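Please construct the entire structure, taking both the sequences and the accompanying hints into account.
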Amino acid sequence: MIKGTVIIDGKVCKGCELCIIACPQEGLALSTSFNDKGYRFVELINDKCTGCVNCALVCPEAAITVYREPKPAKKVLQ
Amino acid sequence: MIKGTVIIDGKVCKGCELCIIACPQEGLALSTSFNDKGYRFVELINDKCTGCVNCALVCPEAAITVYREPKPAKKVLQ
Amino acid sequence: MEKKEKKSGEARLMKGNEAFAEAALRADIDAYFGYPITPQSEVIEYLTREVPNRKELKTVVLQAESEVASINMVYGAAGAGARVMTSSSSPGISLMQEGLSYIASAELPCLLANIVRGGPGLGTIQPSQGDYFQATKGGGHGDYHLIVLAPASVQEMADFVFDGFKLAEKYRNPVMILSDGALGQMMEKVILPEGGSLPKTAAPWATTGKTKNREHNVITSLFIQPEEMEKVNLHLQEKYKAIQSEVRYEEIQTEDAEILLVAFGLSSRICQKTVDLAREKGIKVGLFRPITVYPYPYQRLKELSNQVEFMLTVEMNAGQMVEDVRLAVEGKVPVHFIGRMGGMILSPEDILKKMESVQETLNVVKE
Amino acid sequence: MEKKEKKSGEARLMKGNEAFAEAALRADIDAYFGYPITPQSEVIEYLTREVPNRKELKTVVLQAESEVASINMVYGAAGAGARVMTSSSSPGISLMQEGLSYIASAELPCLLANIVRGGPGLGTIQPSQGDYFQATKGGGHGDYHLIVLAPASVQEMADFVFDGFKLAEKYRNPVMILSDGALGQMMEKVILPEGGSLPKTAAPWATTGKTKNREHNVITSLFIQPEEMEKVNLHLQEKYKAIQSEVRYEEIQTEDAEILLVAFGLSSRICQKTVDLAREKGIKVGLFRPITVYPYPYQRLKELSNQVEFMLTVEMNAGQMVEDVRLAVEGKVPVHFIGRMGGMILSPEDILKKMESVQETLNVVKE
Amino acid sequence: MNEKLYLEDEENLGTQVDETYEQVYCRPDTLTDVPFHYCPGCGHSVVHKVLMEVVQELGIQEETIGVAPVGCSVFAYHYMNIDMQEAAHGRASAVATGIKRVLPDKYVFSYQGDGDLAAIGTAETIHTVNRGENILMLFINNGIYGMTGGQMAPTSLIGQVTSTSPYGRDAAQVGNPLKIADMLCLLPGAYYVTRQIVHNPGGVRKLKKALLKAFEYQKQKKGTCFVEVVSNCPSGWKMTPVETIKYIEEQMLPVYPVGDLKVPKN
Amino acid sequence: MNEKLYLEDEENLGTQVDETYEQVYCRPDTLTDVPFHYCPGCGHSVVHKVLMEVVQELGIQEETIGVAPVGCSVFAYHYMNIDMQEAAHGRASAVATGIKRVLPDKYVFSYQGDGDLAAIGTAETIHTVNRGENILMLFINNGIYGMTGGQMAPTSLIGQVTSTSPYGRDAAQVGNPLKIADMLCLLPGAYYVTRQIVHNPGGVRKLKKALLKAFEYQKQKKGTCFVEVVSNCPSGWKMTPVETIKYIEEQMLPVYPVGDLKVPKN
Amino acid sequence: MTKEHEIIFAGFGGQGVLSMGRLIAYAGMIEGKEVSWMPSYGPEMRGGTANCITIVSDSRISSPMISVFDTAILLNQPSIDKFEKAIKPGGLLIYEQSTAVHPPTRTDIEIVCIAGNEEADKLNTKQVANMFMVGAFLEKRPILKNETIIEALKKALPERRHNLIPVNEQALLRGRELVKLADTVSA
Amino acid sequence: MTKEHEIIFAGFGGQGVLSMGRLIAYAGMIEGKEVSWMPSYGPEMRGGTANCITIVSDSRISSPMISVFDTAILLNQPSIDKFEKAIKPGGLLIYEQSTAVHPPTRTDIEIVCIAGNEEADKLNTKQVANMFMVGAFLEKRPILKNETIIEALKKALPERRHNLIPVNEQALLRGRELVKLADTVSA
Ligand SMILES: Cc1ncc(C[n+]2csc(CCOP(=O)(O)OP(=O)(O)O)c2C)c(N)n1
Ligand SMILES: Cc1ncc(C[n+]2csc(CCOP(=O)(O)OP(=O)(O)O)c2C)c(N)n1
Ligand code: SF4
Ligand code: SF4
Ligand code: SF4
Ligand code: SF4
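Residue numbers (my numbering), protein chains in the order written: chain A, 1 to 78; chain D, 1 to 78; chain W, 1 to 367; chain P, 1 to 367; chain E, 1 to 266; chain R, 1 to 266; chain X, 1 to 187; chain H, 1 to 187.
Just so you know, these hints were derived from the structure itself, not from any lab. Values in this document were obtained by computation on a predicted structure and should not be read as measured data. No residue lacks a Cβ here, since even glycine has one placed at the ideal position from N, Cα and C. Please note that a few of the clues may not be correct.
Stated by the list, open to error - Over 12 Å on every C-beta distance to chain P, these chain E residues come out as not near it, computed from the model:
| hint | residue |
| --- | --- |
| 1 | Val74 |
| 2 | Ile245 |
| 3 | Leu261 |
| 4 | Val263 |
Claimed, not checked - Quick list of simulated restraints, FRET-style, between CB atoms:
| hint | chain 1 | residue 1 | chain 2 | residue 2 | range |
| --- | --- | --- | --- | --- | --- |
| 5 | E | Tyr167 | R | Gln220 | 21 to 29 Å |
| 6 | W | Lys239 | P | Lys332 | 47 to 55 Å |
| 7 | R | Gly159 | W | Lys55 | 17 to 25 Å |
| 8 | W | Thr211 | P | Lys332 | 33 to 41 Å |
| 9 | P | Glu309 | W | Lys332 | 37 to 45 Å |
| 10 | R | Gln220 | P | Arg54 | 26 to 34 Å |
| 11 | X | Lys122 | P | Glu238 | 55 to 63 Å |
| 12 | X | Val68 | P | Glu238 | 41 to 49 Å |
| 13 | P | Gln225 | R | Asp105 | 34 to 42 Å |
| 14 | P | Pro199 | E | Tyr167 | 25 to 33 Å |
| 15 | D | Ser33 | H | Gln170 | 25 to 33 Å |
| 16 | E | Asp105 | R | Asp105 | 54 to 62 Å |
| 17 | W | Thr211 | X | Asn163 | 57 to 65 Å |
| 18 | P | Thr201 | R | Asp105 | 17 to 25 Å |
Said to hold, decoys possible - Partial pick of chain P residues on the chain W-facing surface, computed with a CB cut under 7 Å:
| hint | residue |
| --- | --- |
| 19 | Pro120 |
| 20 | Leu122 |
| 21 | Glu215 |
| 22 | His216 |
| 23 | Ser221 |
| 24 | Pro226 |
| 25 | Arg279 |
| 26 | Glu280 |
| 27 | Ile283 |
| 28 | Asn317 |
| 29 | Gly342 |
Rendered as structure tokens:
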């Protein structure tokens, strides 16, 4: 099981919830507070993230950055 | 063999010769003289006309009127 | 959403675009063809919403694939004798120029509204008066004119539909309502014209199917022989002469005016406030508001030029109608201009300031 | 078919449309986009025939699906920094009005020719000057101006291509050559401008691919915030002020003129004959011929109004430029008009007669 | 009336008959007396003639409104003795839409050339058919811009020499012949789409049948009927009328095959 | 770079790895810092993002010129950090043609909505593809006019409620959803025609692959590549972004099926 | 009380600022005044903010679009940031408590903070949140009568939703009270 | 000899009237005169008739389009019908014999009938038929030299067709003779 994590830019998030649907680990949820734009924004709510990038792919605001344990395979390639 | 004949309006004929090609009886030919528009016009040159209407159908100027022996069949219909 | 009363007479609070559309239904239009564009999309939205709701209406309302298609559908319907109209805003109206030239040449009555926005180009969607030249000098090719009415209130957005069709059918000429985004979007009190009060004009020239007792009717703008084309042009020019008699304008406190503000449409409303402010200060200012900008009230302006010290033309553009004012005045008095562009709106105070500065310079000259 | 010499300098007998096209090649245009229409189809026909014949030329010549497409292809190519042009005739030019407004707003340099035919509508294909208003007051929406050159000979049909591109690139503004069917179709002696003599102007603003050392370039005419839109408009107005300095005109025997004929393009040629006829009769007539109709030579006309008894404007339309003459003269002297429409051409004698009749009425008034 | 007689010719040839001759074909009264201005041998005139024969036979002269294009057939209204409108270049189907929408019970047709319908008018063409406007669209495909002097049309053939493709149409530069009728078939609004010819008697007979169908469908409010006629342009092609026959059959028909492209399914 | 990593995700899930985390996805530098003005959940932003990722990975930021339409994506040039032009409504492909013809070695794409490309721009769309202009045409089909406030588009579904079809689109009156991509397939100029989605991660991955192909083909001068994206318009549809997923899958995809419509034959 | 009162209503789309402004205009019309209502329109709405200007006057109204106001009723932070400075000295600013991260700070205007959302929750109906603001406004600037507001509401609401009238009336009155409280507090 | 000579050439399309007019203009240019050539254009050509106006002048030419002419060279009946009346009194009309059903009748102009087609048959080359007319014209109105006509022809014809020059020159001279004969005849 790869471990991953995401950093979400709460300022640009518009709370569309598409990432929440996209996350297979049910790791995302809306905040209770509002950002300056007046939107609830998304936060990581558990540590199940595998860094699958699904949330980031569907995010219209490009608000999500995804990190993950490196794969040795890749290292070789570079 | 049905007998027919055509009357060609030499004034409007533009000598395109399409009717000549269309006539299965080779019954049409261009005049040697010109009409007022400056065109040679088509004339009936033999009595083989069957009134098949082919020449009239293709005539762009609607210059040809076709006559034919009546068909009894038709008479009944009317 | 305010409810729609059928009966007129009662005051209603409506958007200019909606009042325009409702008036069109009451003017018994046969058809509307249009294409959405801000700030006038409410017209087609209102019509598509209302017509199916009203059993009595057979009105055709069709969203075309473009403004080019719209204006040519209008051509076809008008040529078939229908009471028809379209509406758009600046860029869309530019696309209609060829069609308008055809319609004017073929002498088809129809109505169109230009809810002007700031240009040039895609520009802004905010209100502007930047299409005055296009509307009055002919944006299309050739010598033709639209009859152009310039409303200054939601009430006139409604009333001018009736006036417009009357003129269009009387002269077999396209009529444009030259409005702007503010008048289209704002809500104001309006008392709508009575429905069914605009009788249809007979159109024996229309292509409704050739009957035995007449030659076939042809709607065309092609006159390949120059002699023929010139005849058509001379006839059109005769018609435009006759149309001069339809000139309309409004005068506010001009009787004793020493300074004359000239403005149409929205600008004229702002000028009214300026007149009040100036009068409070004891400055004798009047306001002249052309209601028809084609035909243009040259004559009356010329008369007024004998009375006033100078004129100040106020427009939401870089100075377009001011040329007509100058043509009217022929140098008798100075004609100044103040305007804002791109959707910016003048304040009554701006105008007052400009007026006073002009006055000073003039006095200086005198001394 | 006369042979094509590469070297200029030698006199050639060419159609206006062909001289225009050949000059474009010598002006090293990168691209031409157009759509056929009488009486200007020879332009694209000449280009499609010539370009493949000349190894040295990489010129893009593309027949578009319409004038709307043409003008928007011009927009794209001009925005990419290319020297590009199009041409059409009246109805086609009307279809370009939206695109022209965009091009003017985005400040893209380009050249287009209107080989005017008689309108309005489909009209006739015979020569006319009926598109003067459209060309000079802005047929599209918003406050913008084309720079407009009015040739009066096949020679100028060629020369103005060079002048036109110089102005277009100097001011980043679209330039129109306002010609007519006669000038486009007639053959006359022409000495073509030297090829390669028109250096390209750098276009750092063009969309040629964002390089590391600059921000991305954007070609747009959208300025949604009214404040911003107004800034753009004020900048454009500044530019148009500067353009006034490019005004060009020709004066023929005006030194001692007591009567001034004012005419542009083909009409001015006819007026020259009138001047000769009149001078033979001892009438002191001069001819003023605006070469740029935007910018318009108001100043010089105003000066001349101090010298002459009256002016007679001669146009192949219902009277369009005459408004600019009146704006210049400001009522100082009477400004009369004579014109033919729909492709009809005035004769020098017609003009002389009109002139004399005006003169009489004036004398009557005097007595 | 005449129609019945000669449409049956094919079968009836050779049957016995008596002496008194009867008229079996003459210029339809639905044509005016104005002589066609078209060049000698131009297909436009033939199509005009057939169209008016159909209108006459159906007895719908009083209920038919036509729309002429900008193109050589711009003057169609001089020849067709019915109410007509002359549309702006490319907009005939939009004009026809305007007419039909306000006069839904009249027969309405548009008549357009290939530059008009398939170049500048492409958007109007496609959207008129997509709306399924209940009209007849007649499309004369002669692969060239006739009126303006023989420029390339979207339908010009690869290698075809025109005044704007003087060295032959080059697909790489200007694309391939546009088979717009085939594209229209994909639209549900298109009820009947067919491609016909008029350069021989059989073709003229078939065109006439197609037009009769089209008006019948319009009566039944079935939607848009689109009839393409692969025609000629002797002047633009720089050929004699007789030469154009060969060109049509050898060059054009392989690209634009004759026949029904879309027929009512039932 | 990032791309490689996550395009392989599907297979790589579950493989063993060591501790130090690496960034596997971030906003592409080819996007400016300007936050999108689009409504929450709007597909435009996703397409913008994917398009710019592709430009970044191919390293063609300096050679790519885009054309924005008139529509909600009119401001695309605020977000895409490449040279761009803003075209008149419907004319993006004509503008792109103008650019590409004078800069044949640059990558050029047009980006248009359905009103822009399939209504007012129909003629330009069809003729650009018919000429086989060597560009990428990106078509965002959200079945509505978003920018102007939710009017009916040619692509709106039967029965769809919009501000100009308040009682649902009625085919009898205004015709059927226009499947323009299918029509374009008939044109030889169209080299690659595909329909994609962006409302789920798999769709986004596939769109990216399609765009990579399209640019590759453009490099090879193959002709027009047409990429349609069936997208959403939460505001126009009056739905939450999440609700639009269901609508797309249940209502739109049956009419506009996902997948390649025309692929290079070899 | 001025002959002419110029009000801007601003907040996010969907908060009903446009209808609030229209309601005032409608009521003004019923009381025989000159009124105009001008919405912000166009793509800026994509951003999510909306506003409208309502003018109620005894005399003919010149321009419906103005840049300074007698009163601003603001339902979110961006609106406060944008319009606080656009209020005439001595003017009135009413804002919704829960949405204001940085409350307004001007000292030359009257500022009233209403917990509209909170109060609405109490009456457990979101729809009436704006009615508190309207009530508060009329308490401060009695340019229109309560009854007219209600009458306007009747006209504005479709029959089927007239059941909502009473609770709106309640909210209207409550809004007036809240101001009084607010005042006593700030005092 | 007038300072300015205005000629109309008319006939059916394909008879080469346009190039005949262009040839005169070209020659005029070579002799350093002001020239203009204006074709009839547009759909009327569908009808099959074509014409052009050539003006050769010592001074700048005003309009290339005029309605009365010094000379008309007419190659078919419709042209005779249309342009006979457009010739200035004292002007010149030259027409082709074989195509004229109703010869011109005016008495206030010079009328010359040339059997161009017949003569061309004699030289058995159709292409030069028009050269007889040109020759006839120059005999009557010596506004240009033979040599210049030939020089113009050289420039006008593509190299590959220069072999036709001699026969054209022949026709040109023959045209001049024919006029003399015609005159003696009519005398
Ligand atoms: C807006 C506009 N553009 C161009 C023209 C010029 N024009 C007239 S007819 C025509 C095309 C004719 O070709 P086609 O439609 O194929 O008809 P055809 O003459 O071949 O029958 C063109 C380009 C015009 N009249 N109006
Ligand atoms: C000539 C012209 N007509 C109309 C408009 C108004 N307008 C702007 S965008 C648009 C359509 C937007 O819909 P779409 O193309 O589907 O893009 P979306 O906003 O849905 O992304 C319209 C009609 C315009 N700007 N210009
Ligand atoms: S997809 Fe992006 S914008 Fe939408 S909720 Fe998630 S992080 Fe926020
Ligand atoms: S087809 Fe008609 S026009 Fe042609 S030659 Fe025969 S009769 Fe004459
Ligand atoms: S030019 Fe062509 S299409 Fe036009 S009439 Fe002549 S032959 Fe027919
Ligand atoms: S209106 Fe629709 S298409 Fe436009 S930004 Fe909002 S959601 Fe996207």
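Item to check | Enumerated hints in conflict with the structure, sorted upward | outcome: Hint check: 1, 6, 8, 9, 12, 21, 22, 25, 26, 27 fail, others pass.
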